[in-house]
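> Protein chains in written order, with this note's numbering: chain G, 14 to 168; chain C, 82 to 209.
It is possible that some hints are incorrect.
Ranges of calculated distance between the beta carbons of each label pair, as one might list FRET restraints [what the hints assert, rightly or not]:
hint, chain 1, residue 1, chain 2, residue 2, range
1, G, 138, C, 137, 24 to 32 Å
2, G, 116, C, 124, 16 to 24 Å
3, G, 139, C, 145, 14 to 22 Å
4, C, 173, G, 146, 29 to 37 Å
5, G, 86, C, 193, 19 to 27 Å
6, G, 66, C, 181, 43 to 51 Å
7, C, 173, G, 66, 41 to 49 Å
8, G, 85, C, 97, 20 to 28 Å
9, C, 85, G, 112, 17 to 25 Å
10, C, 180, G, 113, 38 to 46 Å
11, G, 96, C, 200, 34 to 42 Å
12, C, 200, G, 29, 20 to 28 Å
13, C, 181, G, 136, 22 to 30 Å
No lab work stands behind these hints, which were simulated from the structure alone.
Ideal placement from N, C-alpha and C gives every residue a C-beta, glycine not left out.
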Amino acid sequence: MRHGGLARGGGQVGEDPIAEALRFVAAHPHVFLLARRRDGFPTGYAMMARVRNGCVEFSTYRASAKVRNVQRDGWASVLARTGGHEPLVLVASGPVEVLEDVGWGLDPVGESSGPAATVPREVTETVRARHSSGKRVVLRLRVEHARFTSPAMRQ
Amino acid sequence: MSPRRDIAMTTPEIEAFLGARRDCVVVSLDGLGRPDGTVGSLVRDGRRTSFDVAADDPLVALLDRDQRTCCVVEEFPSYYEIKGVMVHGIATRRPVGRASDRATYDLEVSSVVSFDFGKLLGPAPPRA
């Protein structure tokens, strides 16, 4: 039975959970990329994400530790949350690939406006140039699992 | 090649930052070694660090199995005001004397990583 109300992530109840997770990330793009370091410890990177072609994407330097970490395991998670004292929290995970020839434009792309709304234009222009020169790459996470939690849901 | 700016916080800056904030993201590993996370509350009291999460959070079972943890505290009022600290360590759960809706852990810190985007606006470092 389908209900007409909103689901946990703001989509329609009965919606595909992966689609619901992507919609949530698009609405809350200030996220944490979760990975595992070379020494085996988990770690989290605060990043801006965008949702494109059914995946969560991040822009980062090719030489960064986070690229090495996700390449090593080929898997990562993303944590997105609402604001407030008792937030709705999404943890979505899946395989990650590193894309070298994907741009990171100034304008909203695909289903999400991504970081364009909050990052200064001069920074966004520099990021775009770094993608053109190959210094930056895109991490693309294809969500296979998604879990929403909130204090209210556990009561 | 241009030298990269050092945007890490100093130790006093880290202590001040953590001392003024509680909200954090707690990262753990599942049985396959894959990262999982939740939201929690971090307390930095002098040289002691602890955090808590909801006692019925799925992460509690993961921390019981693998104590390796990362707590991330960050703020993002604007791009050049982005600051954050990642604290890695071994989490040991405190005994629960009575029913509690929080699981509290002492964190034996092994590494601290920080960033302050405001330092991107400072003078460029000299070329080598």
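> Within 29 to 37 Å: is that where the Cβ-Cβ distance between residue 173(C) and residue 146(G) falls?
Violated: the Cβ-Cβ distance is about 46 Å, outside 29 to 37 Å.
> Falls inside 16 to 24 Å, the C-beta gap from residue 116(G) to residue 124(C)?
Since the Cβ atoms of residue 116(G) and residue 124(C) sit about 43 Å apart, the hinted range of 16 to 24 Å is violated.
> Does 19 to 27 Å hold as the CB distance between residue 86(G) and residue 193(C), or does it fail?
Between residue 86(G) and residue 193(C), where Cβ atoms are some 23 Å apart, the hint holds.
> Note whether the CB distance of residue 96(G) and residue 200(C) lies within 34 to 42 Å or breaks it.
violated (26 Å)
> Okay, residue 200(C) versus residue 29(G) on CB: inside 20 to 28 Å?
With a Cβ separation near 43 Å, residue 200(C) and residue 29(G) fall outside 20 to 28 Å, so the hint is violated.
> Quick check on a hinted range of 22 to 30 Å for residue 181(C) and residue 136(G), using CB atoms only.
violated (44 Å)
> Hint says 14 to 22 Å; check whether the CB-CB distance for residue 139(G) and residue 145(C) agrees.
violated (44 Å)
> CB of residue 173(C) to CB of residue 66(G), is that within 41 to 49 Å?
holds (43 Å)
> Verify the CB-CB distance for residue 85(G) and residue 97(C) against the hinted window 20 to 28 Å.
violated (34 Å)
> With respect to the beta-carbon atoms only, verify the hint that residue 66(G) and residue 181(C) lie 43 to 51 Å apart.
holds (44 Å)
> Holds or violated: 17 to 25 Å for the Cβ distance of residue 85(C) and residue 112(G)?
holds (23 Å)
> Is the hinted range of 38 to 46 Å satisfied by the C-beta distance from residue 180(C) to residue 113(G)?
violated (53 Å)
Comparing the model with each earlier hint shows violations of hints 1, 2, 3, 4, 8, 10, 11, 12 and 13; every other hint is respected.
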